[in-house]
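These are the residues of each chain, in order.
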Amino acid sequence: MAQVKLTNLNKKFDGTHAVKDVNLEIRDREFVVLVGPSGCGKTTTLRMVAGLEEISSGDISIDGKVVNNLAPMDRDIAMVFQNYALYPHMTVYDNMAFGLRMRKFERPEIDRRVTHAADVLGIQPLLERRPRQLSGGQRQRVALGRAIVRNPRVFLFDEPLSNLDAALRVQMRVELKRLHERLETTAIYVTHDQVEAMTLGDRVVVMKDGTVQQVGGPLELYDRPANRFVAGFIGSPAMNFIGATLAEANGSLWAEAQGLRVRVPPQKAERLRRHAGQRVVMGLRPETLRPATAADSDYAFDATIDVVEPLGSEILLDVRVGDSPVVARVDPGLRFSARERVRLAFDPARVHFFDATSEAAI
Amino acid sequence: MATRGPISRALEREDTLAFWLLAPTLLILTLFIAYPFVRGVWLSLSNSTVGEPGHFIGLANFYKIFSDSIFRTAAYNTFVYTAITTVFKLALGLWLALLLNRHFRGKSWVRAFILLPFIIPTVLSTLAWKWMFDPTFSVFNWLFWKLHIINSRINWLGDPELAMGSIMMVNVWRGVPFYAISLLAGLQTINPDLHEAAAIDGANRFQRFWYVTWPLLLPVTMVVVLFSVIQTFADFQLVYVLTGGGPANATHLFATYAYQIGIGTGLLSEGAAISLAMFPALLLVVVFQLWYIRKVENR
Amino acid sequence: MIEGARWRKWLWFYLPLGAFILALLFPFYWMVVTTVRPDGELYRPWNHPLYSPFWTSNPTFEHVKDLLQETLFNTWMLNTMFIALVATLISLFCGVIAGYALARLTFRWAGVLGTAIFVTYLVPQTLLFIPLAEIIRDYRIGDTPWALILTYPTFLIPFCTWLMMGYFKAIPRELEECARIDGAARWQAMVYIIFPIAVPGILSAGIFAFTLSWNEFIYALVFLSSPEQKTVPVGVTSELIRGDVFFWGSLMAGALIGSIPVAIVYSFFVEHYVAGMTGSVKG
Amino acid sequence: MARFTRRKFLQASGAGLAGVLASHQAPVFAQQSTVHWIKWNDFVPASDELLRKSMLPEAMKALGIKVNLETVNGNDLQPRVTSAIQSGSGPDVFMLFNNHPHIYGASAVDVSDVADAIGKAQGGYYNLAKANTSDGKKTLSVPWAVIGAMIAYRKSWFEEVGFSKFPETWEQYHDAGKKLKAKGRPIGQTLGHTFGDAPTFSYPLLWSFGGREVDEKGKVALDSKETMESVKFMQAFWKDAHDEGGLAWDDTNNNRAFLSGTIAATLNGASIYIETLRKPDQYKTEKNTPMKDDIRHSPLPRGPKGQFGFHLFQSHMVMSYSKNQKAAKEFLKWIHDPKNYERWFVSQKGYSTPPAAQWEKHKMWDEDPVMAPFKVAGRLGLTPGYAGPPNRKAAEVLTKYIITDMYAKAAQGSSPEEAVKWAAGEVGKIYSAT
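Residue numbers (my numbering), protein chains in the order written: chain A, 5 to 366; chain B, 4 to 302; chain C, 26 to 308; chain D, 730 to 1163.
Think of the hints as simulated: they come from the structure by calculation, not from any bench. One or more of the hints may lead you astray.
Here are some chain C residues pointing at chain A (derived, C-beta under 7 Å) [stated by the list, open to error]: (1) E66; (2) A210; (3) P221; (4) L228; (5) I289; (6) V290.
For each residue, glycine too, the CB sits at the ideal point set by N, CA and C.
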């Protein structure tokens, strides 16, 4: 079991600065997910932890020992690749046994561990097959099995589920979570899918353009995004952003935009007051919107419905507020039609404001 | 965790590992190519003849060969020979590959058998051709004569123009299987769905080839052509066996002329100069091809 | 797909295919006929009443017998086999590891070295020839198989390296990375993971190298002198072309029998060969 | 590799060997001495057989020298000698053609001791033999034989077109050939790149019209009226009388063509006739009589400036890189001993004419009148480079086939002026080079 610590980690390729000053402390047995759009540096960071990429500057330490110059084979980690990287010329058994053989384990011990891992993953009957005879999900399990037989200090996952179809992905996600709870090994997991990140991670690291945007538990990221990027990245459908100007009137603070004038909730007004007269971005999660009632007068606005998306469990309303498109997620029991005018209310406790230029939450 | 010895550890460094992996190759190539190459260049700048080391005479050998009419013929022949045979080999090889890419009974047999011309030692199969081109006993002449196409013998290897043609014919015969098999390998990597899609889009057989197959096959084709051109440009055995460069030096290529002068006549320095003259020419051809391959691949 | 009328298939498929097969294989038929034809028939003029070029009524194995008993053909076969095998193995070894280094490792000079190795493939044999003779003298390996075993790699290695580079590039990097994380050293990942996967490519390069060695003529002609050291192409041509009795029958027998080993190699590995080509051309 | 270890052994035991020699014992070549002798594949295979099966074993017995005989295609001898010299290893004794000894002179051991004795004892070498093997400073090689080049012709066919006697001048030969070709029986002659039949035809043709490569002072003199005449003559002669396949023939094609009855005459060694003698049943005329009885030989016809011959000349060079020079010389002495040489000479049946005068009197020449013309081949022959010496330059002209190509170009349809100008230019370049 191990802690992993990244200190001022940097990676420069010819001309691009892929990872910038990443600092991260991963606790023992923690499941940390690196998430971000493609090209954000998350995979590079992971590969540096694995030892597959040289570190340009900074340190990586595992259990307090700096491993910058340690070869992958000496780091005692395991990694599951996006395309599984099963050795095509070996049987499933040999695939799983390879790492143990490399570490000179005794034959009975190898056998015991492989059988055990195969049991855990339910791939016992596949042991004599070759990778090309397996389905996608089976390959995925073999790749996992190969990682777990070694009992490594750290698990690394590089988008392991992205090659599976949607249903299988959900199923494997659950299994992964269960597996981690059982093995209690420190794990770093890279994905571009925020749902995976939220469901799997004890903590989630959101990255963009090589820098860490925010680190926190899934709900923390959801409820208190550090900036507009994190806010928009976490949650589905994504948060609505409406540019607005803050104005003082009648002793309270108002956010004004074209076709919209709403009150800034008192608990936020305190902090926002010094931004009065400035442009800000207001963030409203679709799930905090609902059709307004008379009581909502200050926390509601008028909108025109563009498209109605009935999903069964809910309805997504694509509406327009002034010029801004807004999505609202509402009760499936309600009936709407396109081009209808509707008044939407929001939960004043869950409205976010971001600085228009720095994009940081305010 | 350190279970590995110091050697394994040292070899984890990419440049260290690369050095050791390349060492045997570099050793052999330095010893048996780089050094002889330098020696060869020196030879070409000397007046060395067999058994006599000679001394430096600058570019005199090159002046001599460039004013040598046989050398000019040989150079011209080499380019014509390479160009014409390559075109034919490519066209026929591609055609054969397309035929072989279809399903028919006995396909694997046919595929194995048509490789024969390519795998049989050149000298030996060329001897068979020499026998078939024999001025007196040529089976082709007999056949044409029987069919009343000709009434006097065709002088396959005796007529300078025809001799070059006959040599090219043998080269094409030998090269077509290589092209066919390699291009077939390339064809098999092309997804048949594309063809079906094109067919549904209304493309006829030729259009399907021209707009789907050919562009996808182009990278493979270029590699095959590259190797073939290198081989053909430096060809030696065919001419050596069939005509020895005759009649009247009409069929010399760079390699055979260099051989005749350097080895046959013992004028080592002049032979080296002729060989060396072929190197930049070949290099130019190859650089052009590599450039073109890059261009095609980056498209 | 739907092929259309039957005659069209004949016209566009069977006919051209048949023509190709005929053209490509006729010389071999001719070799066979010449081999079993008695001398008297070989040199018969056209106007002879019994002139029949395409078959013989009195097949004979004289020529084959002559070849096997009167010449050192068996020795030449063994020599060629030995030389081709060892030269191929050396070249494969060098070419495979060098190809791996150039395709997979990043280091200074990688590009330059790759190009340099390729360029060596272009250096004309006729230029190297005399200096090589001097080297062979200095190492005192003239007239031994080693003269060829050490010089053949000069054209085999660049070729193998190039082919293998293409093949290695087509193998996903992750396999190797995974192996290294699994605890394999770089060289172990190379030996246990990449090389086994590259077997079709290695076979293909090996077949090619073997053929080229079997085929080689110039070096064999001048670096070997004793009859009992010669290779098949040199032995057959130098000892069976003599004077007025051009031993066509035995020559053709030699050509046929001398081709058998290579033909066997190909018939076994043609699938690998095609697969290997595919790998290398994709890269 | 057995050789290698043996050589090592010899090096190691060098001291011991010196001891044996110092003790005044008979010269011991012991069992270790092996001489590697390379010669062409004889056109009379029986002679190679004789050497291998009986003479070389005898030499082994007599001298204690094992002779390792290698026979190669004549056209491959030059490449082999070049690479052997450059690689400093290879045969100890090389057979060389014509004036080639001059090309490789730098790598030759002086064999005057061997050659002088043989020449003196056997009635003196012919001029051609002396000129080809001596550069004035040393004797480069030991003369072996002259392969007479004579026209072999079908007596009956010449009679049918009115020549009961073989044509004596080129004009007559042209006339006969024209008539023969009209009957589908052309003259066969190679103008290809082949060491034997091509230059033995083209050089005498040049000389008999008065053309010469260089004059007596060594100045290039090829571009002359006389040369032009000969080329013009050849152009017409080729078209009218020759089998046009000849441009690509090597030394064997005309043999096959003659034996199969497709040509009426060809310049050749005696090998055609000897082959018909060997297999009388196989080679028949169209009247089903043995072909041997219808073959006769004649020298090349006379030209305006006389009658000339150029015969393939063979000699043996002992290579300076050889570790067995002494044994090699011993062996050459032995095989040129009249008792031994005679057996080989007889087996040639006249195909080879010995290089020394005394052999003209040998009784073998009387056995077969058909072979008689070959008797004096050595006496009539000139050397390449005539009227200059057969030196290195002349050898280069010969091995580049310039004289032959001059005629070949004209035969293919270049204008005679063009052909002569080209050849003169090439010869000029060779003689002017340093």
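Cut-off 7 Å, beta-carbon criterion: hint that A210/C touches chain A: holds, 6 Å
The hint names L228/C as touching chain A; please verify it with the least Cβ-Cβ distance against 7 Å. violated, 14 Å
Hint validity - E66/C Cβ closer than 7 Å to any chain A Cβ: violated, 56 Å
Status of the P221/C interface restraint (C-beta, 7 Å, chain A): Cβ of P221/C sits 4 Å from chain A, so the hint holds.
Taking the closest Cβ pair, is I289/C under 7 Å from chain A? violated, 26 Å
For the hint on V290/C, just tell me whether its beta-carbon gets within less than 7 Å of chain A. violated, 23 Å
In the structure shown, a violation is registered for the earlier hints numbered 1, 4, 5, 6, in ascending order.
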